[in-house]
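Protein chains: 2
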Amino acid sequence: MYGPSIDRLITALRVMPGIGAKSAQRIALQLLERNRDGAAELAASLIDAVDKVGNCSSCRTLCEGERCTICSDSRRSAQQLCIVETPADLFAIEQAGGYSGHYFVLMGHLSPIDGIGPEEIGLPILEAKLASGEVDELILATNLTVEGETTAHYISSRARAAGVAVSRIAHGVPLGGELEYIDSNTLSLAMQSRKVI
Amino acid sequence: MYGPSIDRLITALRVMPGIGAKSAQRIALQLLERNRDGAAELAASLIDAVDKVGNCSSCRTLCEGERCTICSDSRRSAQQLCIVETPADLFAIEQAGGYSGHYFVLMGHLSPIDGIGPEEIGLPILEAKLASGEVDELILATNLTVEGETTAHYISSRARAAGVAVSRIAHGVPLGGELEYIDSNTLSLAMQSRKVI
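Just so you know, the sequences run in chain order A and B.
Each residue of the first sequence is one higher than the last, beginning at 667 in our numbering.
Each residue of the second sequence is one higher than the last, beginning at 667 in our numbering.
Please note that a few of the clues may not be correct.
To be verified - Below are the DSS-like pairs computed for lysine-lysine, each with C-alpha atoms no more than 27 Å apart in a straight line:
#1 A:Lys718 to B:Lys688
#2 A:Lys688 to B:Lys688
#3 B:Lys861 to A:Lys688
Hints are computed from structural coordinates only; laboratory data are not their basis.
Please work from the sequences and hints to get the whole structure.
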């Protein structure tokens, strides 16, 4: 409708999550009207990132180079291994601070209906790590969704078979959460998971 | 935080209107995790569009080539000239159908506080068009905002000085609008602008 190059750009912009037809059109026109330098820099940085960013050979997170900064950091302990679904989850835990072990990033979760089995989420690599004997504790930090729970359950059974201790991060009422405004599923989970003090 | 290439991509993504820090991070990670072909195509189409898309020499809208398809269409009348603020406004009127004249795209509106005067919105080109005598009627379709109204007022005074008839698109209750849900400014405008039937 706007000519071949603009139409192609509008279509290409829709690969981004959360960007629909109207937003893509608005972004394309605004970049071309007002910020061509920004558009050129965006193109260059996309090419650069696609070219340079790969996966860490040890933990599978997105990184530039063979191993990520966490896996290459000799001050961090390889005895603790925290399992997360995505690089964003890894960085959320890093930002919270306090954890000084290694990570393993699944890049997804088990979902047989979408054809995602143990191979696709890198479990053979994880099992090799567990068999090597360097891991003492596996901390499961997958999401509290049906798929995340299934994945956690599957991994914990494999870890126990390999003789590695397994834990799951705590779920319940968040800090500063007022009971009045917490959803009832979280609240009933918090009641069930109550701890003796 | 994620390494230089990913950080650069996250920063570059923020040139897009409506994309903040969190969305940029989510988009960058998701493209790199799941859709590298889409990211490469986005980069290529940005470069292509920045390279090929310019402004129509006659109406200033975004187009590929010297003159846009509307200005080059001999079936359209150059006697009517519709003034809009942006290419998106032009395409909205085209999609509505029924108008077969030419357009003039201001690429903004008068806004002295931002340093946008008559020069910046192409009024010298418009005045040359009006002076040439080929335009019979000027239709003002700028937005109904303070800046849009000011721009419309300024242009209408210049058009009258050049002896060209000026009209403004109608404003009031939209089709299918229920009075109960229309904002009171629109409603009071619709009352003031009532027509004898």
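Hint by hint, here is what the structure shows:
Taken as a hint, the Lys718 (chain A) and Lys688 (chain B) pair is honoured in the structure, with Cα atoms around 22 Å apart against an allowance of 27 Å. At roughly 20 Å between alpha-carbon atoms, Lys688 (chain A) and Lys688 (chain B) fall within 27 Å of each other, so this suggested pair holds. Restraint check for Lys861 (chain B) and Lys688 (chain A): the C-alpha separation of about 35 Å exceeds 27 Å, so the hint is violated.
Checked against the numbered hints above, the structure violates only hint 3.
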